[in-house]
Every structure is written in structure tokens, then in C-alpha cells.
Amino acid sequence: MKPKKTTEKRYFIVLNRNLFLRSLAAFKALTGSSYPSFADPLTTAANDKLLIVRDGIPSTWTECISSSRENEFPVLLELDLVGLESYFDDSNAWSLLPCSIPLTQIKTAFFPEKEQINDFISRSYEDVTTDIIPIKRDSHLFRSEATSLVSKKESDLFTSKKNPNNLADSIAEIKEKEIACENLINNNQDDAVAGGICCLLQMLPEGVTWHHEILPIIANDPLEGESNKISKDVLNCFVNLVAPEHAATTKHQIRCAIEVFMANISKEGWQSTQVLTDIATKMSHSPSELAIDNSMIQNWMELSVDILENRADCEPLPDEGEVALRAILLACLRKKPEAVTSATNSYLRAGKTVTAIAGFLCGLSSGMANLSKEIKLFNSRPEMAALIVRNLLLPKLWESGLSIPNKTISISNELNDDLSSLLQITKGKTVIYSKNIPARAVYQQLVAMGRQMDLPLFGDKESGYLKFTHEWKSGRKQSVYIKSLHSKEHREDMVRFISPFEKLPETCKKSDLNGLFSSVSKSRAKTINRERLIKYLFWQSQEDKHCRISIDAQLGCLCVIVDQIVSTMDREELSSHLMHVAEMADQLEEDLGTDLF
Amino acid sequence: MKLPKATELDSDQQSILDAPLTSNLFVSGPPGCGKTVIALYRALAAKNSNQQCQMIMYTNVLTRYTSGGEGQAIPTSTMNSWLTKWWKSGKMGVVPKLESTPNSPYKKPDFQTMQVYMFKERVISSAMNWGHLVIDEGQDFPPIFYNLLNTVTHRLTEQDEEPPVMTILADENQRITTENSTLEDIRNALKYSNPSHRKLHKNYRNTKRIAQFTNHFSVGLETGTGSPVSTRDGEMPRIVTTNKLNDSVQRIVRYANNHPDHQIGIFVITQKLCKSLYNRLEPKLGGRVQASLGGGWRVEDKFKPENLDFDSGDKITILCFASIKGLEFDAVFLPELHHLNPDMGSEDEFKMKMFVACSRAREFLELHYQHDDPKTQSASRWLPSRESGIAQWDSGESPGSSKTRQF
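Heads up: the sequence lines are chains A and B, in that order.
What the first sequence shows, in my numbering, is residues 1 to 597, in sequence order.
What the second sequence shows, in my numbering, is residues 1 to 407, in sequence order.
Simulated from the structure, these hints should not be mistaken for lab results.
Keep in mind that a hint or two might mislead.
Calculated from the model, a selection of chain B residues having no Cβ within reach of chain A, i.e. all distances over 12 angstroms [as the list claims (entries may be wrong)]: (1) Met79; (2) Thr182; (3) Tyr192; (4) Lys315; (5) Leu383.
Facing chain A, from chain B, some residues (calculated, C-beta under 7 angstroms) [stated by the list, open to error]: (6) Lys5; (7) Ala6; (8) Gln14; (9) Ala45; (10) Asn48; (11) Gln52; (12) Tyr255.
These stretches of chain A come out as covered by chain B in the derived footprint (C-beta under 8 angstroms, 3 or more residues) [stated by the list, open to error]: (13) 12–21; (14) 67–74; (15) 113–123; (16) 308–318; (17) 339–352.
Only a predicted model underlies this, so the values are computations on that prediction, with no experimental measurement involved.
Ideal Cβ positions, reconstructed from N, Cα and C, are used throughout, including at glycine.
This is chain A alone, in the form it adopts within the complex (with noise of 0.2 angstroms):
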């Protein structure tokens, strides 16, 4: 009897040989933990892209990766993902994500020959498990000249220029980044900043109630955009925590020390001897009511400086008078936060306190991608470990090879109509950390202006737009959805008003397809004749049009658009351009015959 006839799709992640043991070093430090748990597996938290493709790889393509370095080959890890069918079609047996996919989704690691897994295996490292993933050898995979469409494409992947869906571009774009990822180190802010608090979380003095105080610290500094400096807030809680009976004075040099170690960060190469006499001539010019004496601060350095040239013995660091000047000291001494542990046993005896203050500064001149897995894996405060994960480094999380909070840990960040949210922490059952983020200001501003001129706005969880519907006396009805347009690239914040009025196929529905427009323009073209593309553009050259037509990919719609500054909007422009858009969608709509939005 024939076997029966599967049309079951299969989907694999396409890796080099090498990708896939780094990718495996990862993994090890997840075992026995679960990577925290977000709304979308597929999110777009990492800026790179992962090449997945259906049913497998044609052999130029094994050749092509093969043939780029000595004992190269390609590995296939099969995804036990669900949904990945939307991203593909008929006419697309490949696809380029920018998504990350946790490792725990992959079913099995396929390489092509039972040599080239052997050679694999027997190359052992200490953060490689090859055992985690079922390795098999299945060679039809790397040769499947079958699958749809993808030998069709072949000669454009390797051969076309520059291409967001070429696969030499895409592969070049993967290993640059990953030339990037060696540089990260120290380079960093973000990095810095945490290096700097997961170091203070394992050095912090015992009986200091550490989530409470610190938790809501790193919620209010999530560190995004500019906001890359550590704030007065945190400044604050920080010293009240290891040296609440020195506040004014030692507030102060921290500030200093601080201040000389995160811009001593992108240096290459600085001198402790220097960091130190910088931190006293900013010590210096402190203001007159903290009576810092000056005459001290110059004693302390040049004695710091004898000990740091190996001129002078350095004498044990109590926890008692000038904690933050002993500290600075032990930093720029052991300069690794290891080190600086291990200053409490020896012969400097140094204090507590004195040793979480330099293990706070050694680690922001280390950085978190810097630190030991010791530091890194400090079990008993899983909740932070998660915290900084989920705000500073996930997209880092591959590079560090940072360990995740074990499994009863998640995270969850629910959104509300009016687009605030609620970010909760959980472990088990139980709520350890629960917070209201508000939405941002621009929404806030635009949904108060909307109550005003009685146009309700609320939020859209599914777009995460902000949206109003206006009725026609007709019966008719549209929606207008309005986006936040907030970036680097814009001077000033902006908003972009959105009235959809036909669907897009279903492959062009998700945001992370976005920069693959030219699968949009094919797929299109099948409904989309040139007669009609034509009569949009006309449409809108209209002098009564102030709109344009667009695509927005997050709704997969296609949209009338229109763009405004927030600073000069005034409430009846917000009221004209939300009636402007949704009576132009309407327009078009209606010409299809239909009323869908």
C-alpha cells in the first residue's frame, strides 16, 4: 500500500555551521529556564533577520553557503512554530523575518552529510551542549530541487544587487552584524548602565530590601531614547541604599565618579591613575553647602595614584567615614567586578557598602555583556534579571549568552483603551511587581483634545493605534486610526492619520514584513491593474485632495494617509483631518462597492 500522501509544510531556520554553534551557546544558558514570555514569539525585538524557508534548501543554495569557507555547510533547524504559513504563499517558498525565535521552538537540527555531524560534535566547548537539539542527518532537505518556486528565484537570491530579498545581501547583513556584536562590548550605554546595577544587586549590603526600592527604579528609567544617562531618581535611591547616613556628600562624589566612569566607557585603553584625578577635579568644584574639603579629596588622590603606580601599601576600606572615595579606589584597584568581591576576605577587608559602590562602578566600566555567567546568574533575584532583559538587553540576549529567570517567572504588558498598560511581574500566581505605564503623551494629548471637540478616540489593541469611527447619516461607516510617528528620524513629533479602504493579501499583513514591498507589488499585481494604479495617483493629485494614498502594513490595508506636526496642531485641525481622511477612504471605498471599514 502506498504511504498515505502528507501535505503537511514544513519550516527551517537556514544557518551556517557556525551560526548554529553560537546560536547553541545561547541555548545552553537558557536550559532549565524559559525565555519570558511575550504577547507575539515573533517579535521584532532584535533587529536581525531570519531566513526561513518551506520544505527546504535547493543545492545551489548548500553550494553557495558551502562554498564561502574551508569545512562550511548549512544546518537547517526545523520550527515548531504555528502561523508561519501567513508568510508565506504559493509564489514564496522563503521568507527574511526580522524576528527572534527562542531556540526552545526549534524541533530538530538537520545537516546534510553524518561527516559533517560528526565533525560538528567532536568540537567541544564549555557553553556548546550539542545534546540539546536532536542533531539527524537528512541530505534530501539540502537538495529540494522541488520546492515550490524557490529554483524559480534561485539566480535572483546570489546574483541580483542589492536586494532586502536577496540572500547574499541578507547573509553579508547577518555576518556584519555579527562583526558588530564582537565590538558591543563597552560601547554601550545601555549595556553599561546594567553591567553597572546587576553588579550592585549581587554586591548589595544584607538586609537592604533591594525589588522594592530598585524595581521601580529601573520601571521609571527604561533607558530608551535619550533618556541613556542614570537619572537623579536613580542617583538618589542609589545611595540611599548603600550609604543612607552619607547622603549630601557621598550623593555627590558617586555623582562624580559616575559621571568620569560613563564617559570613560568608549575609551579605549584609560588609565585608573587618570580616571582618578579626573573624579577629583570634578569633586573639586562641588557646591559650597556640601563643605567638601578639598585639601582631603587632594590627600585621597595622590595617596590613590602612589598605590595604583604600586608606590605606596593600600591600607583596609571600612564601611566608615569617606565610603565613596574608598570605593573608587577598590574599583580603579580590581577593576573586575569578580575582584572586587573578593575584596571583603582579603587584607583590605573592605566594607560592605565600600564594596557594592565599586562593584557598581566596575561593572558600569565592564558592561553586562562583559560580566561572568556568576554575576549574570544571580538566581536569588530572578525578578531583576528579567527586568533588565525585558528593558535593556534582549536584543542583545544572543551575543551575551545571558541566562533568563527561571521558568515561573513572566512578564506581561497588557494594553488598555486608552493605549496605557498595565506591566505585571509575575512569579507562580503571584504578582511580585505591578505597574501602570501611561500611554505616551502624544496619545494622551490627542484623546484629550478629542473629548473636547466630542470626538471620541480610543485605543485599537489589535493596531495599537489610536482609533474613531465616524457615521454617516447614509448609515455608512469609516475608520480613521491615528499613529504616532515619534522617531530619531523626526525633528518633532508627529502623527499620521490612516483611513483604510481595501485589504491587502493576506502575506503583506504583518508588520514585520515591512521593507518586503516587493512581494507586495507581485501579489498585487494580480488585482491592482496599471489602468487603476494610475487613476490613485491622479485621484490625489486633486487640488481638493490634501491626503495621498499609502499602504499601511501594520493594518495590510490600503490607506488615505495625511501627516501632521503635533506641536502646531490646534483642535479643529484634528477635527478636519480626521473627517478629511475618513470622507477620501469612504470615496474610494464606495467605488469598490463595498464598506468594510
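We have chain A already, so just place chain B on it with the hints.
Leaving out everything else, chain B in the frame of chain A:
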């Protein structure tokens, strides 16, 4: 020795490690580029894929250094020890030796004669197929040694044996004597084996300032001096003038106390000085101090290389210049430098010794010499000048008791 993780290796190193295990490989690179790491990883991979694997090195100290940690799994030995066993395994008798000379009291193997024997043998025993031979610090071996290996490879291949494999790692700038091999010598000697030559360029060990100082002693050979990739904090190397040996001892003790977690290397030119330093440091620093005076039955057990501990992170190790290849320490002291008299050899030899010694330091480097010693003049003329800006000169005087300056 602790090996780096897969994620800590750069793409050049990874690409070399992925090279086929059945082909010959020749890797050259400056100090600190990871040659010994590659040697160990490749040996481990060869062993895991059931190849008969052996790692050989020039000195007992380096053999001891690599045999800790991950290296425990790999059979490691010195060249002499391996050569004796290998020659015997082929039923070739005792390794022929050269006569000793005043400069070299030890009888060196006579590779020339060994090669002649090899040509005379009609069939070479398959027991002489070494499987996979990993040679670290390959520049330390004479070119004729490679000629011998090349001949054996040729003969075994002609006899339809599975060809033996070699992985050689070398840096000609780290030669200690002019009898050692250059990269060109190794390539010429291995013409039949024709190993694929891969180069590493980055220096992962030294801080920028130490690398800059070390480059002062480079004799400018093919390997180059490597570009340091470190962004670590780095103090300027220091050249300190002292009055007596005890000044050096005091500075070493002070550094060791201020840095209880640092591995410190102290390199000296004579065994006598090595013992003298040990006797002065041991009472002050206790069990942290260790020294090696080489092998031999006359050497006390505590000074034998096999008793050195490189796995504890806080040891202070006193070694002679001849034993420091391939090692690395957080801090390096070169006391009594005037004993390293350039008049004893060529300028190149002096420079090569200094290049090897200085490049062992990860973070801190201090050179001591006595300014009232007549030999100082000849030693100091090869050191960087005060105006060069690559070293800090220090009179060695203590600035006074720190107790009066407490904060």
C-alpha cells in the same frame, strides 16, 4: 589552563577551529592571539573524533601550564620526551644525540642522522604514524625537525598509510635563540605536507600600553606584533631603578598585597637569582610563591615544573627566561634586568627575549635595574628612552608612609 567559550572566539579563530581535522594546518600569529587556545581546541576535537592525538611543546613549564583544566584530556609532552617514545615505537632504537657544547650542556637530538636512518629504512613501521600531532610554539623547534616530520609523512603516504596530520602554531618573533625556526623555515621544511597557512592578527592578551611597549622589542619579522583589541584599563609599563635586590622584593610584595587575586610572573635570567628571590619572597607571601628551576634529579621537588600550579588565580611564579614561552600573567616583574646583558648575545637575541617576557603581561609590567651597576649602561641602552612616552620611569623611592596620608 581555562579555555575561552565559543562565543568569546572571533570569526578568524572560529574559522581556523572549523578547519578539517584531516588536513595539515599551520597557524602563525603574534603573542596573545590565541595560538595555544587553538592548539588545545584542535587537539580536543581530534581526540573526540577518535584520532590518535599528541600535543608537544618545547618546555616542561608550558606542558604543565596547558595540562591543567580542559587540557587534562590531552596527552601533552615535551618534544624530547615525545621524540624518544616515537622513535622507539618504530623500533629505531635510541634517539641519536649530538655532542654537548659549552653553550648547550644538554645533548640535543641529531635530526640529521635520524633523517638518514629514515631514508635507509625500506619500510617505516606504521607505529610511527603519530595520528594528529599538535605542535605549540613551533618556532622553538629547529627547521630540521620539520624536515624529519615531512620525510616521515612522505614515506608513510607512499606506503598507502593513512597520512599523519600536523597542526603547527608559531610566532617567529618569539624565538629565544637564532637556532629556532622562522615561518619561512617551517614552510620550506614541510613542502610535501604542505599545511594550509592561516594567520591571526589580533592580540587579546595585553593592554594597549603593554602591547605598545612590547613592540619596542620587536625585530620586525613576518608574524608582526598584532594589534591589541583590548579596551581594558591599562597602566603605563614602569622602568624602576633600584639599589639592591630587596628594593625589587619590596615592590613585588607591595603589589602582591594590593592585588591578592592577581597571577604574578617574575622572570629572571639565572637559576641562582630565581632561588634567591624565592627565598626572600616566600617568608613574606607564604604559599602564593612558587618557582621552577627546571627538571633533573638535583632539583628539589618544590622547584620542579610538574609541581607548578597555574590553575589557582593568585600564584606568584618565579621562572627563568627560557621557560616563559606561551604563559601569561596578570602582572609581570623583570627584576635585576642588568643581568640580561646584551653583550652576551646579539641585539636581536636580547630583543627577542625581552619581547617574549614583556608580552606575557596582561595588565601590569614593571622592569627593575640597578643604576649603580656597571652593566646597567649596556642593558639600559636597549630600553625605551624616557622621552619615548611608552614607559614611565621611576626612581623607586617610596613617597612616605601612607598612614600619615589616610583619608
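Verification of the supplied hints:
Annotated as non-interface, Met79/B keeps its C-beta farther than 12 angstroms from every C-beta of chain A; the closest such distance is 26 angstroms. The claim that Thr182/B lies off the interface holds: its Cβ sits roughly 25 angstroms from the closest Cβ of chain A, which is beyond the 12 angstroms cut-off. Annotated as non-interface, Tyr192/B keeps its C-beta farther than 12 angstroms from every C-beta of chain A; the closest such distance is 21 angstroms. Distance to chain A confirms Lys315/B as a non-interface residue, since its nearest Cβ pair spans about 15 angstroms, more than 12 angstroms.
Every C-beta of chain A lies more than 12 angstroms from that of Leu383/B, the closest at about 18 angstroms, which supports listing it as non-interface. With a least beta-carbon distance of about 4 angstroms to chain A, the hint placing Lys5/B at the interface is held under the 7 angstroms criterion. Because the closest C-beta pair between Ala6/B and chain A is about 4 angstroms apart, less than 7 angstroms, the hint holds. Proximity of Gln14/B to chain A holds as hinted, the smallest CB-CB distance being about 6 angstroms (cut-off 7 angstroms).
Hint status for Ala45/B relative to chain A: holds, with the closest Cβ pair at about 4 angstroms, below 7 angstroms. Annotation: interface hint on Asn48/B holds; nearest CB of chain A at approximately 4 angstroms, less than 7 angstroms. For Gln52/B, the suggested interface contact is broken, since its CB lies about 14 angstroms from the closest CB of chain A, more than 7 angstroms. Annotation: interface hint on Tyr255/B holds; nearest CB of chain A at approximately 5 angstroms, less than 7 angstroms.
Under the rule that three or more residues need a Cβ within less than 8 angstroms of chain B, the assignment of the stretch 12–21 of chain A holds, with 3 such residues. With 4 residues carrying a beta carbon less than 8 angstroms from a beta carbon of chain B, the stretch 67–74 of chain A meets the three-residue requirement, and the given coverage holds. By the rule of at least three residues with a Cβ nearer than 8 angstroms to a Cβ of chain B, the coverage given for the stretch 113–123 of chain A holds, with 5 such residues. Here the stretch 308–318 of chain A counts 8 residues with a CB under 8 angstroms from a CB of chain B, which clears the bar of 3, and the coverage holds.
Given as covered by chain B, the stretch 339–352 of chain A passes the check, having 5 residues with a CB less than 8 angstroms from a CB of that chain where 3 are the minimum.
In summary, the one numbered hint that this structure violates is 11.
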